[in-house]
Amino acid sequence: MKKLFLIIGAPGSGKTTDAERIAKADSNVAHYSTGDLLRAEIASGSEQGKLIEGFTSTGNLVPLDIVVKTIIKAINNSSKEIILIDGYPRSVEQMIELDKVLKQDSSVKLINVIEVKVSEQVAKDRVLGRARGADDNAEVFKNRMNVYLTPLKQIQDFYTKANILHVIDGERGINEIVSDMHRFINSRL
Numbered sequence: 001m002k003k004l005f006l007i008i009g010a011p012g013s014g015k016t017t018d019a020e021r022i023a024k025a026d027s028n029v030a031h032y033s034t035g036d037l038l039r040a041e042i043a044s045g046s047e048q049g050k051l052i053e054g055f056t057s058t059g060n061l062v063p064l065d066i067v068v069k070t071i072i073k074a075i076n077n078s079s080k081e082i083i084l085i086d087g088y089p090r091s092v093e094q095m096i097e098l099d100k101v102l103k104q105d106s107s108v109k110l111i112n113v114i115e116v117k118v119s120e121q122v123a124k125d126r127v128l129g130r131a132r133g134a135d136d137n138a139e140v141f142k143n144r145m146n147v148y149l150t151p152l153k154q155i156q157d158f159y160t161k162a163n164i165l166h167v168i169d170g171e172r173g174i175n176e177i178v179s180d181m182h183r184f185i186n187s188r189l
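Position one of the sequence shown corresponds to residue 1 (UniProt numbering), numbered consecutively onward.
Incorrect hints may appear among the rest.
Simulated restraints, written as ranges between beta carbons of each label pair [claimed, not checked]:
1. L61 with I164: 22 to 30 Å
2. N60 with N186: 35 to 43 Å
3. K103 with D157: 15 to 23 Å
4. L64 with D157: 35 to 43 Å
5. Q104 with I174: 17 to 25 Å
6. G59 with R188: 35 to 43 Å
7. F184 with A138: 14 to 22 Å
8. N76 with R172: 13 to 21 Å
9. R188 with L51: 30 to 38 Å
10. K100 with G35: 30 to 38 Å
11. T16 with I164: 33 to 41 Å
Hints were generated in silico from the structure; no laboratory data involved. A virtual CB, placed ideally from N, CA and C, is assigned to each residue, including glycine.
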């Protein structure tokens with residue numbers, strides 16, 4: 001059975017970097033982001049990939065059920081037993097759809113949702129400080145932060161009720177955060 005860990009956090013919280021470092025350091029761990037999974041499925045040329053490309057090539061959002069099926073397929077096809085997916089769920093709808101699919105799939109178990117918690121100011125300073133692209137500006141950051149914060153309370157409540165939400169302080173040094181997160185993941189196996 002695959003053991004799934006979802007890593008959520010504000011833009012600039014470091015969730016992707018944390019997950020990448022853990023996967024690089026631990027040969028039993030695979031790391032995926034939803035966007036990477038969708039692009040890989042398109043590149044595979046599969047029927048599912050063609051379906052996804054039909055939406056993305058026209059600038060439309062990929063329907064929820066297709067996104068979740070793509071995530072589950074990647075998890076099941078991974079040679080690793082421990083899977084980290086960062087930045088998912090981003091909405092209550094995504095959370096509910098994933099929960100529904102996981103209840104029907106006994107080969108994947110959601111072990112924990114790890115929230116990398118940072119203040120809005122720290123997140124903003126990090127995003128604007130890195131300024132990697134045109135979307136790293138104050139206006140876009142504010143929108144991305146609102147998209148993150150709007151469903152956050154419901155997501156936290158849902159996973160707290162399921163007793164699987166674990167919050168990590170993301171305002172420390174990167175090595176300390178990664179070490180803390182990796183230790184926690186190992187403690188849950």
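Now for the hints, and whether the structure bears them out:
Distance hint for L61 and I164: a CB-CB separation of about 27 Å, consistent with the stated range 22 to 30 Å. The hinted range of 35 to 43 Å is satisfied by N60 and N186, whose Cβ atoms lie roughly 40 Å apart. In this structure, K103 and D157 meet the distance hint of 15 to 23 Å, their C-beta atoms being roughly 19 Å apart. The hinted range of 35 to 43 Å is not satisfied by L64 and D157, whose Cβ atoms lie roughly 20 Å apart.
Distance hint check: the CB atoms of Q104 and I174 are about 37 Å apart, inconsistent with the given range 17 to 25 Å. Hint check: G59 to R188, Cβ distance near 39 Å, so the stated range 35 to 43 Å holds. Our hint of 14 to 22 Å for F184 and A138 is violated, since their Cβ atoms are close to 33 Å apart. Between N76 and R172 the CB atoms are about 34 Å apart, so this pair departs from the stated range of 13 to 21 Å.
Evaluation of the 30 to 38 Å hint for R188 and L51 yields a pass: the beta carbon distance comes to about 34 Å. Look at K100 against G35: about 22 Å separates their beta carbons, and that is not inside 30 to 38 Å. Here the CB-CB span from T16 to I164 is close to 21 Å, at odds with the stated 33 to 41 Å.
Comparing the model with each earlier hint shows violations of hints 4, 5, 7, 8, 10 and 11; every other hint is respected.
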